[in-house]
Amino acid sequence: MRPPRHADHWPHHRALGRHAESARRHRLPIPDRGCHRRNSGHGQGSLADLRRYGRRLAPFDERRHRMRSRLQRRSAGPGRYCGAQPFQPPRPQGPGRMSSARYPAALRGEGETGPLEGAVMKYATDYGYEIKPVYGPGDVADMEYERDLGDPGSFPYTRGYHENGYRSRMWTQRMTAGLGSSSDANKVLKKYREMGQIGGMCVIHDRVSSSCIDADHPLAKRENGVLGWPGSSLLEFEELMQDIPLTGQSITVLGCSAPSTLRLAYVVALAEKRGIDPTEVHGSVFESPFGNPFGQTDAQPFDLNMKLFLDAAEYVARNKIRMRGGLVGQHFQESGGNNAQALAIELSMLKEIYGRLVDERGLEFEDAVRVPYQLVSIGSRFFEEVAKVRALRRMWARMAKEHFGAKTEKACQLLIAVHTSGRTMTYQQPLNNVARCAIQTLAGAMVGCTALDNATLDNAYAEPSALAARMSLNTQHIVASETGVADVVDPLAGSYFVESLTNEVEAAAYRILEEIDDLGGLVAAIEKGHIEAMLKQEANIKFRELNEGERLVVGVNHLEIEPEEDEFQIPVQEVEASDSEAIARRMIDWKKTRDMAPIKAGVAKLHADAKKGDKFNLMPAIIEAVKAYGTAGEIIGVIRLARGLNYDPFEMIQCPFELN
1 MRPPRHADHW PHHRALGRHA ESARRHRLPI PDRGCHRRNS GHGQGSLADL
51 RRYGRRLAPF DERRHRMRSR LQRRSAGPGR YCGAQPFQPP RPQGPGRMSS
101 ARYPAALRGE GETGPLEGAV MKYATDYGYE IKPVYGPGDV ADMEYERDLG
151 DPGSFPYTRG YHENGYRSRM WTQRMTAGLG SSSDANKVLK KYREMGQIGG
201 MCVIHDRVSS SCIDADHPLA KRENGVLGWP GSSLLEFEEL MQDIPLTGQS
251 ITVLGCSAPS TLRLAYVVAL AEKRGIDPTE VHGSVFESPF GNPFGQTDAQ
301 PFDLNMKLFL DAAEYVARNK IRMRGGLVGQ HFQESGGNNA QALAIELSML
351 KEIYGRLVDE RGLEFEDAVR VPYQLVSIGS RFFEEVAKVR ALRRMWARMA
401 KEHFGAKTEK ACQLLIAVHT SGRTMTYQQP LNNVARCAIQ TLAGAMVGCT
451 ALDNATLDNA YAEPSALAAR MSLNTQHIVA SETGVADVVD PLAGSYFVES
501 LTNEVEAAAY RILEEIDDLG GLVAAIEKGH IEAMLKQEAN IKFRELNEGE
551 RLVVGVNHLE IEPEEDEFQI PVQEVEASDS EAIARRMIDW KKTRDMAPIK
601 AGVAKLHADA KKGDKFNLMP AIIEAVKAYG TAGEIIGVIR LARGLNYDPF
651 EMIQCPFELN
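My numbering puts the first residue of the sequence shown at 1, with every later residue one more than the last.
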């Protein structure tokens, strides 16, 4: 049996046959079982391989079509899994097959004393903390209220950063959009607002834009708009935001590091074009490079991604723009990591990024962080997820004060955005995903998240249908309006179990964080293969537990039904090949009509600035090139040339400009 390439390949995506036929009807590749945000291909190398080959196989977002991208295959490099046959976990047989006799009596409604003889159950967290049947005062005897908890709004912010919680401001309730053309994505965003999306919008790039190539690139012909919004230029962003306000809501655009720098430029350019001060726009449009090796499609080398992210972060700090850098920790848990591992990597990422902004860019710590922000994944282990987020807030507050010497309270208050776990959404019996989404949404609300983006019942299949999107948004509204959860700040505080779990995951995370520091920090740990090996090992453990019946997933290895018994049919969202090709043709025609004089001047200035070293900020030149309607491929291409790289990361086209 081949080991899983990723944790997401274990339970959820093995019902290939009936979905393969659907894919063929829609002229789409057969679903790959994991080419979303979480796929760490088997046999991947270090960041050195990234620099050599451009990009390892990796997933995109949980809500995108399960298909192998030709862009990904092209950039996967020698030795990476690119085969046509997706991994298919075997159906447990024999002793590993969980029959009803092997379930605990409590699950079957039988018996009086707990599990029957021979039952296989695990009463422990993924990071090794044994869960007791009962908790009491002795389990939290070492805690001190002021030191370890504090009131909401007080250091160390375990209980949240605002004393009144959701009574002062409800969390941003949103859904991720991005499929088809820019005008298609615009219609979806407007539809989400009609459905009840509150406080913000969220869009994700397609793989073409994430690779910083244009829609007319030879590899882009059938990829445009397939896995997200095709944002190759300011023109597409203008169409995306048509009749949508830039102010009065949080604007989030997700993707990789290099194109996210362009997204910041799009926001600044469009704001100025509309007569809006860019400082009045807020949200998160640029993303740190650490998630790229584990959850994004990216053709740029790590050092370039880091340089461009730091440029964007420095630019918004010095110009008082309210756009946050997306420090996304979601990838690490969705890549198979347990809560302690994800927590440690997230803290190490915060330490690395803000340390570089202080040490390399000369910013004061308070200016660098402004409003520290982290996007995390919330899974179905309800209490463990609550404990993880509470521990994350406490650990950051202490790191900010003790390591960075924070002088303000705001710098110690880590805002938490939640994305419910796409990894837990199953192909089998997709209606069960409604319950999973509700449980995860409740956990996110109970920990005081500032923004929440749900997975959907059809998450394992495709872009959300209108029905699935409405159900997910309504789930948030039901939790906010009908449960009373939003009435009280940190309602689980004081629970012996929750406080014990919070302490334990914090201790486990500190041990892993120390290992990362001993290796020289997060960059060194990734380059040495430590992070990938750790996540892969954990993913394989999860797969083994599922296959051997130690981990139950309803509809996958527990209470299964035959596919033909499932009466609910997923309405798969489709992108026709002709639609993708139309985006490419439009780009070709548009390029012929552009005024090339300002574009040539803009890219020439950018190319010259890019030769001035890593610490020279390129954002002003990028913004001017964007205003001139230079494209992503052109802008990043000339930066690559200045750094001694090929203009095209796939080495298929030549630079169209004459540069010195």
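None of these hints come from the bench; they were simulated from the model.
Hints are supplied without guarantee of correctness; some may be wrong.
Quick list of simulated restraints, FRET-style, between CB atoms [as the list claims (entries may be wrong)]:
hint, residue 1, residue 2, range
1, T408, K611, 36 to 42 Å
2, E272, G128, 48 to 54 Å
3, E482, G362, 57 to 63 Å
4, A601, E482, 55 to 61 Å
Quick caveat: nothing in here was measured; it's all calculated off a predicted structure.
A virtual CB, placed ideally from N, CA and C, is assigned to each residue, including glycine.
- Message: Taking the Cβ atom of E272 and the Cβ atom of G128, is their distance within the range 48 to 54 Å?
- Response: holds, 53 Å
- Message: Given the hint of 36 to 42 Å, is the C-beta distance from T408 to K611 inside that range or not?
- Response: holds, 37 Å
- Query: If you check the beta carbons of A601 and E482, does the distance land in 55 to 61 Å?
  - Reply: For A601 and E482 the Cβ distance comes to about 58 Å; the hint holds.
- Item | Pairwise beta carbon distance, E482 to G362, judged against the given window 57 to 63 Å | violated, 50 Å
Figure legend: structure checked against the earlier numbered hints; the only hint not met is number 3.
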